[in-house]
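> Please build the complete structure, drawing on both the sequences and the hints.
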Amino acid sequence: MASVKEVLMGELSACLDQTGWFATFDHTLEGVTAEQARWHDEGFENSIWEIIRHLIFWNERNLLKFKGSAPPETEFTNESTFFKTQLEDHHSQMDWEDDVNKLKGLINEWKLVLEDAHAARFDEELAEDYAWWKHIANMNLHNAYHLGQVAYLRKRQGAWKPVEWD
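When we follow the working numbering, the leftmost residue of the sequence shown carries the number 15, and every step to the right adds one.
If you are wondering where the hints come from, they were derived from the structure by calculation, not from laboratory data.
Heads up, a few of these hints could be off.
[Stated by the list, open to error] Listed below are the simulated DSBU-like cross-link pairs for lysine-lysine, each with C-alpha atoms no more than 30 Å apart in a straight line: (1) LYS81 x LYS19; (2) LYS19 x LYS169; (3) LYS169 x LYS81; (4) LYS19 x LYS116; (5) LYS169 x LYS116; (6) LYS118 x LYS81; (7) LYS125 x LYS19; (8) LYS169 x LYS118; (9) LYS148 x LYS125; (10) LYS79 x LYS148; (11) LYS118 x LYS175; (12) LYS148 x LYS116; (13) LYS116 x LYS79; (14) LYS175 x LYS125; (15) LYS175 x LYS81; (16) LYS19 x LYS79; (17) LYS148 x LYS118; (18) LYS116 x LYS81; (19) LYS125 x LYS79; (20) LYS125 x LYS81; (21) LYS81 x LYS148; (22) LYS79 x LYS118.
As structure tokens, then:
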């Protein structure tokens, strides 16, 4: 039977770069331009870029906590974690590629940190009846949920490259 660590690392890999049941971030973000990333679909609240910024926020914040560091003390709402106003000033192709690389780097760092973690770490509680293993599993589901939104937006743009399933 797989360990909690192996399951969580597998979920991270499934989101990032190991095609299985759904398209990965590597596949879904391949070839996306800054212009495509900024595009808003009518009736859909966030752009691809805003979604990526949101995921950077949560993956980075959770990683800092898991590593024992305090995330920056800042007031935020869920809406503010999409960083819509910051994208008005930082929206070049280089800015976009930096954000994509940051998200991928965070997911890879998560994998390394989990690999080095002792099994008991996953059972430590963040809150009553809420252990790290559950928090990380929910974060991975959150990543997959938003990955699906990115794929949807690419399809709406007519820019989707179908996955070649093995």
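> Now look at each hint and say whether the structure bears it out.
Structure-based check of all given hints:
A hinted pair counts as satisfied when its Cα atoms are at most 30 Å apart, and LYS81 with LYS19 qualifies at roughly 15 Å. About 34 Å separates the Cα atoms of LYS19 and LYS169, which puts this hinted pair outside 30 Å; it is violated. A distance of roughly 37 Å separates the Cα atoms of LYS169 and LYS81; the hinted pair therefore is violated under the 30 Å criterion. The hinted pair formed by LYS19 and LYS116 meets the criterion: a straight-line CA distance of about 23 Å does not exceed 30 Å.
Taking the CA atoms of LYS169 and LYS116, the gap is about 24 Å. The hint holds against a cut of 30 Å. A hinted pair counts as satisfied when its Cα atoms are at most 30 Å apart, and LYS118 with LYS81 qualifies at roughly 18 Å. Restraint check for LYS125 and LYS19: the C-alpha separation of about 9 Å stays at or below 30 Å, so the hint holds. Between LYS169 and LYS118 the CA atoms are separated by roughly 22 Å; this keeps the pair inside 30 Å, and the hint holds.
Between LYS148 and LYS125 the alpha-carbon distance is near 16 Å, which keeps this suggested pair within the 30 Å criterion. Our distance criterion of 30 Å between C-alpha atoms is met by LYS79 and LYS148, whose separation comes to about 14 Å. With a C-alpha separation of about 20 Å, the suggested pairing of LYS118 with LYS175 holds against the 30 Å cut-off. At roughly 24 Å between alpha-carbon atoms, LYS148 and LYS116 fall within 30 Å of each other, so this suggested pair holds.
Simply put, LYS116 and LYS79 have alpha-carbon atoms about 18 Å apart, close enough for the 30 Å limit, and the pair holds. Restraint check for LYS175 and LYS125: satisfied, since their Cα atoms lie roughly 27 Å apart, inside the 30 Å limit. Proximity of LYS175 to LYS81 is assessed by CA-CA distance (about 37 Å); at most 30 Å being required, the pair is judged violated. Taking the CA atoms of LYS19 and LYS79, the gap is about 17 Å. The hint holds against a cut of 30 Å.
For the hint linking LYS148 to LYS118, the alpha-carbon distance of about 22 Å falls within 30 Å, and the restraint holds. At most 30 Å may separate the alpha-carbon atoms for a hinted pair to count; LYS116 and LYS81 meet this at roughly 18 Å. Proximity of LYS125 to LYS79 is assessed by CA-CA distance (about 15 Å); at most 30 Å being required, the pair is judged to hold. Of the supplied pair hints, the one linking LYS125 and LYS81 holds, its CA atoms being roughly 12 Å apart against a limit of 30 Å.
For the given pair, LYS81 sits about 16 Å from LYS148 by alpha-carbon distance, which is consistent with the 30 Å threshold. With a C-alpha separation of about 18 Å, the suggested pair LYS79 and LYS118 falls inside the 30 Å cut-off, and the hint holds.
Figure legend: structure checked against the earlier numbered hints; hints not met, in rising order: 2, 3, 15.
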